[in-house]
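Student: Residues per chain, in single letters:
Number of protein chains: 2
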Amino acid sequence: MAVYKELSPSLRTIMTPGPVEVDPRVLRAMSFPVLGQFDPEFTSLMNETMAMLRELYMTNNVWSYPVDGTSRSGIEAVLVSLIQPGDKVLVPVYGRFGYLLVEISERCGAEVVLVETEWGRAFDPEELIQAIHLHKPKLVAMVHGETSTGQMQPLADVGKVCRELDILLVVDAVATIGGTPVETDAWYLDAVIGGTQKCLSVPSGMAPLTYNRRVEQQLISRKTIERGLRDSDCARAGERTIASNYLDLSQLQDYWGPARLNHHTEATSMLYGLYEGLRIVLLEGLEARYLRHRINEQALMAGIEGMGLALYGDLSSKLPVVSCIKIPQGIDGERVRRMLLHDFGIEIASSFGPLKGKIWRIGTMGFSCQRRNVLHVLGALEAVLRRHGYNVSAGEAVQAALDVYAGKEKEGVLC
Amino acid sequence: MAVYKELSPSLRTIMTPGPVEVDPRVLRAMSFPVLGQFDPEFTSLMNETMAMLRELYMTNNVWSYPVDGTSRSGIEAVLVSLIQPGDKVLVPVYGRFGYLLVEISERCGAEVVLVETEWGRAFDPEELIQAIHLHKPKLVAMVHGETSTGQMQPLADVGKVCRELDILLVVDAVATIGGTPVETDAWYLDAVIGGTQKCLSVPSGMAPLTYNRRVEQQLISRKTIERGLRDSDCARAGERTIASNYLDLSQLQDYWGPARLNHHTEATSMLYGLYEGLRIVLLEGLEARYLRHRINEQALMAGIEGMGLALYGDLSSKLPVVSCIKIPQGIDGERVRRMLLHDFGIEIASSFGPLKGKIWRIGTMGFSCQRRNVLHVLGALEAVLRRHGYNVSAGEAVQAALDVYAGKEKEGVLC
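Sequences listed follow chains A and B, in order. Each residue of the first sequence is one higher than the one before, starting from 1 at the first, in UniProt numbering. Each residue of the second sequence is one higher than the one before, starting from 1 at the first, in UniProt numbering.
It cannot be assumed that every hint is accurate.
All copies of an identical chain are treated as equivalent in the list; a pair is satisfied when it fits inside any one copy or across any two copies.
Said to hold, decoys possible - Pairs of lysine-lysine residues, derived as DSSO-like cross-links and limited to a Cα-Cα distance of at most 30 Å, are as follows:
#1 LYS88 - LYS223
#2 LYS223 - LYS318
#3 LYS318 - LYS358
#4 LYS223 - LYS356
#5 LYS223 - LYS358
#6 LYS136 - LYS160
#7 LYS138 - LYS223
#8 LYS408 - LYS5
#9 LYS160 - LYS88
Because the hints were derived from the structure by calculation, they are not lab data.
Go ahead and model the full structure; you've got the sequences and the hints to work with.
Tutor: Pasting the structure below:
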């Protein structure tokens, strides 16, 4: 037998668009001994988690619970539970994760209408409203915060139009939840999927989501109960049956609801982590948390520009928790990233598809979104760029960021 | 805002068929700070996890990795990645979890042939071989250890026949992996799915699996690459495309393999837990671990019979990690379970469907499978039964179990 090393991960400053650093209180929570899944203490924790998710998602939706899988499991759960083969689904795409919505919808058998805008901007809501009127889909699926391009799509107008036309609006808020407002009810969002490993600063592995009565009605009309659990032998899988068992929200809500119908075995330790992560978010307060994210973003941007680098993309629709930086001519972006990790223990991200090798992406998310991290990454990036022969204004980046923090303190804003 | 309580779960003695108690070393591992998903340190951990899974599954299969979801996500991943609509799938059922295989296969569009035997026994391999010859399915899906009835299906003969007839054999080893031998290669199993929260004693939330070249060939023939990641815009989802993105093994193996193609964000802390859990299993040694499970099972059974209770099911095919006990006439099984939990902090399980209210199920799995737990549950069950007016031979249960341990020690067997 080979001998396997004791686990001993290095400490990192993680400034990517996720996974990001985890609050030590969340890590501690994940190390608590487990409870059984139907232990009354555990089902209480499930209920309290649902209550906290409602606050986070700014919603009165009964159904607000995590799917046991990474973020895209939650996206797929919503889409596979709503889409029937042949349904028309409109997906406006402004980056990589829009394509993921296309891909999942296609696999669910949807007739997908893809509307694209160039990468680096969001849609003008009017463009979207026109497309919705033109195509009259059953469902619109959209990304709220597109980490691949650092852009954020305003959703309130789109939501209103979808509601008026009785179209379902499904939103991927994986990157935004907990870092910038996601107003489920006020924006008329029918289903919203969040991520744990970004602004919530809980490890990857759960996909908290919420959906309203309009979605629930669709689910109920497609519901079957597992043969091993149902009393009679009537319902078999039929034409309208949801194609997945694991991601069937009609079954999941019977597990999370008072029926407590056995489905999977809830991921205990991940739930402990999510519970504690949500508690920390609500203790900080949503408004204070969003403000913290905005201030650190401003400091980071000031530092990036202060050292003479250029930001990528339309700043008027910038995603506040991800900043994209154009890699200067003649610089090998991957070598810079490797040196940041190797010498400074800092991770920043590259990007995908057409942006591969052209931009770096720096996240300011959750627990990673703090002053010492912003200052550390600016100082380190400057040093690495100089080491690669790029002529930066030495020392200016950190000073520019410090100016932002000092200015906020003068205004009496804590961050 | 409501005030949410600090997390503070009670300590439990968990003697169910899962989730069971977690080794403190695994809990500690889950509290380590996270690494980024493409951090070289993290991808090394992924590779080492795969190597350990190969040892656990007794296989040379390249592909041995976890799906990020609970056990049934792994089962569905294998089935949805292999089954195309209209494929004939044979599912021999001897308990509830066989029905789950039927349900998932139906949702994948399979033409399912269900062969059943009464609950409380396993199939004679000859019955299965005849059914396979009769129906000539593309795929046979079977449960190895059926926790709902406490039965285990011998698989070696079935595997050999399937291989001869070029039929794929998919095995749910969720309950058995790490507690009793699962010989993937020697038994000719094509794909095997394990569970974390049972004999591996890692929290629920991952589904480690393994599959061979025969399975891989099928996957490759159905593979597509996400639009956001592929270079050209050729392949769209087609007829043969795997219906799920999240559970698409052809994409997952490109993430776990040297291509490292981005799919989901690996569940870092769960992987830490699995890594440490596997390391602990291999440090103990598979043979020693199986023996420990056998001895504690024997002690438990001796105790149960010692207090005058009867075991349920065919003992010749008994699942060694779950013991089913007939609830005596006149005893309310749920009241007994509630008192065990409330007064003794012990959890044992009820059962499903036709066995609901008729049997209790006691697991002896992983870290929970230890002498002090077996003695504790026997003493407590006796006390609770007496409290409910059932006439047990007082004190005999624990003595009978101690006799088993003493006998083993005399033979020089450590446990």
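Student: Treating 30 Å as the Cα threshold, decide for LYS138 and LYS223: within, between, both or neither.
Tutor: both (19 Å within a copy, 28 Å between copies)
Student: Check LYS136 against LYS160 for me: Cα-Cα at most 30 Å, and say if that holds within a copy, between copies, both or neither.
Tutor: Within. Shortest intra-copy distance 14 Å satisfies the 30 Å Cα cut-off; inter-copy 54 Å does not.
Student: I want to check one pair: LYS223 and LYS356. Are their C-alpha atoms no more than 30 Å apart within a copy, between two copies, both, or neither?
Tutor: between (43 Å within a copy, 23 Å between copies)
Student: Evaluate LYS408 and LYS5 at a C-alpha cut-off of 30 Å and name the case that applies: within, between, both or neither.
Tutor: Cα proximity of LYS408 and LYS5: none, with 47 Å in one copy and 33 Å across.
Student: Please work out whether the CA atoms of LYS223 and LYS318 approach to 30 Å or closer within one copy, between two copies, in both situations, or in neither?
Tutor: neither (40 Å within a copy, 35 Å between copies)
Student: Are the CA atoms of LYS160 and LYS88 at most 30 Å apart within a copy, between copies, both, or neither?
Tutor: Classified as within; 19 Å inside a copy, 46 Å across copies.
Student: How would you classify LYS318 and LYS358 at a CA-CA limit of 30 Å: within, between, both, or neither?
Tutor: So LYS318 and LYS358 pass the 30 Å test inside one copy only (18 Å; across, 61 Å).
Student: Is it within a copy, between copies, both, or neither that the alpha carbon of LYS88 lies no farther than 30 Å from that of LYS223?
Tutor: For LYS88 and LYS223, both the intra-copy (21 Å) and inter-copy (24 Å) Cα distances are at most 30 Å.
Student: What label fits LYS223 with LYS358 when the C-alpha limit is 30 Å: within, between, both, or neither?
Tutor: Between copies only: 29 Å across, 47 Å inside.
The structure fails hints 2, 8 (numbered hints given earlier, in ascending order).
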